[in-house]
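Asks: Hey, can you work out the whole structure from these sequences and the hints?
Residue numbers (full-length UniProt numbering), protein chains in the order written: chain G, 1 to 49; chain X, 1 to 218; chain F, 1 to 218; chain V, 1 to 241; chain D, 1 to 209; chain L, 1 to 209.
Just so you know, these hints were derived from the structure itself, not from any lab. Take the hints with a grain of salt, since some may be wrong.
Straight line, CA to CA, 20 angstroms or less: simulated EDC-like cross-link-like pairs of lysine to aspartate or glutamate [as the list claims (entries may be wrong)]:
1. D:123 - X:74
2. L:123 - F:73
3. V:11 - G:44
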Amino acid sequence: MIDLGKYAHTVLAAYGVSLVLLAALIWQTLAANARARRDLEQQEGRRNG
Amino acid sequence: MIALLIRDLRLATRAGGGFGLGVAFFLILCTLVPFGVGPDSSALRPIAPGILWLGALLACLLSLDRIFALDAEDGSLDLLATSPLPLEAVVAIKALAHWITTALPLIAAAPLFGLLLHLPGPAMPWLIASLLLGTPALSMLGAFGAAITVGLRRGGLLLSLLVLPLYIPTLIFGTEIIRRGQAGGDPATPLLFLAGITAGVVALIPFAAAAALRINLR
Amino acid sequence: MIALLIRDLRLATRAGGGFGLGVAFFLILCTLVPFGVGPDSSALRPIAPGILWLGALLACLLSLDRIFALDAEDGSLDLLATSPLPLEAVVAIKALAHWITTALPLIAAAPLFGLLLHLPGPAMPWLIASLLLGTPALSMLGAFGAAITVGLRRGGLLLSLLVLPLYIPTLIFGTEIIRRGQAGGDPATPLLFLAGITAGVVALIPFAAAAALRINLR
Amino acid sequence: MSIWEYANPVKFMRASAAVLPWAAGAAALCTVIGLIWGFLTPEDYKQGSTVKIVFLHVPAAMMAINIWVMMLVASLIWLIRRHHVSALAAKAAAPVGAVMTLIALATGAIWGQPMWGSWWEWDPRLTSFLILLLFYIGYMALWASVEDPDSAADLTGVLCLVGSVFALLSRYAVLFWNQGLHQGASLSVAPGERMSAVYRYPLYLTMLGFFLLFLALVLIRTRTEIRRRRLAALQAKEVRA
Amino acid sequence: MSLLAVHDLAVARGGLRTVEGVSFTLDPGQALILRGPNGIGKTTLLRCIAGLQPAIAGRIDMAEDAVAYAAHADGLKSTLTAAENLQFWAAVFGGGDSRAALAAMDLTALADRPAGTLSAGQKRRLGLARLLVTGRPLWVLDEPTVSLDGASVERFAQVIGDHLAQGGAALMATHIDLGLTGAEVLDLTPYRARPGQKHRPAGFNEAFA
Amino acid sequence: MSLLAVHDLAVARGGLRTVEGVSFTLDPGQALILRGPNGIGKTTLLRCIAGLQPAIAGRIDMAEDAVAYAAHADGLKSTLTAAENLQFWAAVFGGGDSRAALAAMDLTALADRPAGTLSAGQKRRLGLARLLVTGRPLWVLDEPTVSLDGASVERFAQVIGDHLAQGGAALMATHIDLGLTGAEVLDLTPYRARPGQKHRPAGFNEAFA
Ligand code: HEM
Ligand SMILES: Nc1ncnc2c1ncn2[C@@H]1O[C@H](COP(=O)(O)OP(=O)(O)OP(=O)(O)O)[C@@H](O)[C@H]1O
Ligand SMILES: Nc1ncnc2c1ncn2[C@@H]1O[C@H](COP(=O)(O)OP(=O)(O)OP(=O)(O)O)[C@@H](O)[C@H]1O
Ligand SMILES: [Mg+2]
Ligand SMILES: [Mg+2]
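Replies: Put into structure tokens, the structure is as follows:
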């Protein structure tokens, strides 16, 4: 493990918070996209079928 | 009852429901205050409890007109009044929904805003405690004001005028708790008073609000 | 043009028009602040300019939804848009009417509230000057926000969210004038900036607001 | 074929589907490698290991501003040329920009604790970022509140225009209001002020990574918006029929 | 026993009496249609029976919690789906199968659509489906068929017929003919309130007139 | 020269075209009545001609500031008196004798009443009196006779007749017969917009459908 010295908490907190925020954004983006695709396919299926 | 609560929460979180707007407004207010009074922590620290409470109060206030007005406009209120639910319960549930959608996120975010205003660390728990204890009274009194003004066209400013004076005791004891907690004093007395006010308001105001609604419905 | 101004002023002073509600709100706010931050003049004096400006700003804000929403609801806005008056002029006149009915009484009452908050005497003229110079920008920016949200059901909180960030430069320079005046410094620079902002806003925002209205009318 | 062709939703869906895997892959590669590289850099003699925060802080701060500029451009394209996808791209970019602003604020605040001894100072740089966040929030709230999509696109476009002017104005006002603690731009060309190469190259890499990440996210989000709009359009036609 | 008995009722709107001296009873399986020109007070009378406003004079006898009221406004939330809207009212009135109610008003295909995206007629049908989930015997309906097309009106008449057959009753104000066989009609025109000395003024406007 | 010439007009509402390919001209002294089923797009077309919303395609030729528009909402302020309401509009349009306009719509006796205390029909008459003070030649009217009783409709038809005789013109959407002799009728049903490939979408809903 690399030694972060006396600022370990600070550095880890900064990385932690940022990665959590990024992960949340990416997850939300993908989830919303999947949902929109599903709803649209349902609607188009209903129209054609 | 549960159904009504769930519906109101759902409406608040759907598009256009305004969930989170209260927190955003609170954030803006906390940003504006330093522009008004200056950026030094020595100027900000003593007024931080007051500003935080005022912010919570105003954020509450600005979302009050959603409690009954939308339901009155689309006819739901008539239907609720003829349903098996007593109107008092409807008022209480709607105030609870308002508290959950407006006050709860605000309380969760309050420590962050406390940081912005340089509220010292030891005061934080007291900030949370006072808000948790006091905001139910704000929502309930707000529901009363909203019930009184439900028939008016643009009742916003009038609503504020009616409701703000009712908020004064809550505000006073709420900030006093934080101030005493911050100074290392004993916040038990104001805590007790605040709890008493909230208990009284939650127990009695639904009846007054329901009466006001009945008058406005007929 | 004059006719529109007179009509708006008349409406504001008739029953239910809301004239004076702004001052009342301002008064409540100024009485709440000492409860929030404690009554010592040493605590109040440094924050007085900021509180006065914030109060003016919030009183302005709460009356904004009257600028266009009532006219939109009863169809007057459609008729005004098809009248010979350019929509930009309508916006400007309505902002002016809002300024006269909301900001002007507030400015007149401000020294009184300054006393309540222990603002020292030498700062008074600067208080008046900064408010006189800055509030037209507040009304005009508010008209812009009201134009954007005119079609929405309960736009109160959203309106604040859109408008308050736009108020930041005005607020900063406005309080800076008082602070410098109070400290015996030279308030010429912030005065100049404030005048510049107000001039720019009054000259350009009517076009943006008229564009927003046109979008909402169609 | 002119570039405006891509404003057609169908063409955009096709083109973005082709670009997306590459953008996403490159974004993941650059961000991950850059951040790991940055994390392994040696300590600074003054700031200790906290200097590692720069690899998150600076790219995020940069993107926070750039995304707003991109939204401004997209809004202008919509307002002037009425290309529907452009309006939706602006809508799609806003949450990404808001999160970037949040990351810059959060890492800065965490950094400030050891450096300045407090979580938050009303430093002009920090304050202007807070104001930028407010503008992002207002923009997103307006999109969420207006029901009619055409009006929503127009109104948010106008708001973006006016908001840009006032964001800039606020920055100058804030500078006038308070003196700063925050360091100046150390990527500037002036020699002597530049940070050493040990830090510079991983920083460049994460900056590229964040940009690509933004690109990938905006493409996906725009595709989401297009699908939602198509769904709403089909439903509207059904009701009208 | 009758579901609803009204004796010598007088109602007021805006501080002035609209109709007075109205009496009728409604037994299970019976439908009564109120008629009369615009502004005579049909809506006011129905709101009074639904319990939304007090009567000025007279008596209304009925079981508690017997009424389901449907007015011009349907009380729909545009961001909730049709099914969610209906489930809410079913839960509030404690019972009622919302799936069956949707089917009865031919809304099954639209169940997952936000109510805001429905056309005016579809919204109205959803508002009427609410009656089926209340489980209440007495339906009080104010112009129920506004903005319904011909086929929907027929379907609605059939729903009412089923309700009556199951021992329910319906009181409606409507200007058009619903094709309900056996429904009685009450024209309110003769009951229009006459000015004159009353025992008790209906409100400020009458007290000072 | 004609007061209004419309060429191949297409209008949209909610991002979808309603009617398209509409052409007509209106000369001084002429009245044109638009008809068509609910929701075809009459109101949309009138708003477009009044300049409240842009056309999707086609051309509208007319003099600037020729139109006086009257819609469902009368734009009355309930706290101002009838005379004050009218005087305001007279001042905005720069001219017009508001006294004469009040007399023409039989409102002289009510001139000093706050508009909020007028009945629905009286409010409507006041809204129509506004047309007389605009001094504009082309009246664009959307269901002008809603909530008017028989006598008022006749009076209104006479006001329109006078306006036409003085070289004005009127374009109206209405479902009932106004008894205007010599008015042409345009049924919009054949112009209902058909889906298909268009050069330019009318809005989001068409661009993505
Ligand atoms: C919370 C709020 C903060 C915000 C919004 C913020 C914003 C920014 C921005 C926009 C930049 C890019 C400047 C440029 O390249 O032109 C930057 C860079 C930087 N910031 Fe911050 N900052 C914050 C807090 C801090 C703190 C507390 C520190 C450490 C003491 C810090 C240290 C740095 C460093 C070292 C750079 C990179 C060097 C440079 O490009 O100037 N920042 N920050
Ligand atoms: N808010 C109000 N304030 C004062 N008077 C009112 C109000 N609403 C209605 N009225 C008056 O009360 C009377 C009765 O109205 P009501 O709505 O009951 O009539 P209605 O028979 O239902 O008419 P319609 O056939 O048009 O629905 C009318 O004369 C009306 O003018
Ligand atoms: N705000 C709106 N958003 C979306 N679509 C709308 C909106 N208002 C109306 N529409 C639709 O636009 C179409 C045209 O409406 P319009 O009001 O022009 O009809 P109309 O011919 O005037 O009908 P009526 O005879 O009922 O007055 C209708 O199909 C309607 O459903
Ligand atoms: Mg009625
Ligand atoms: Mg119409």
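Asks: Please go over all the hints and tell whether each is borne out by the structure.
Replies: Hint check results:
1. D:123 - X:74: Holds, at about 12 angstroms.
2. L:123 - F:73: The hint holds at about 16 angstroms.
3. V:11 - G:44: The given pair, whose Cα atoms are some 19 angstroms apart, holds under the 20 angstroms limit.
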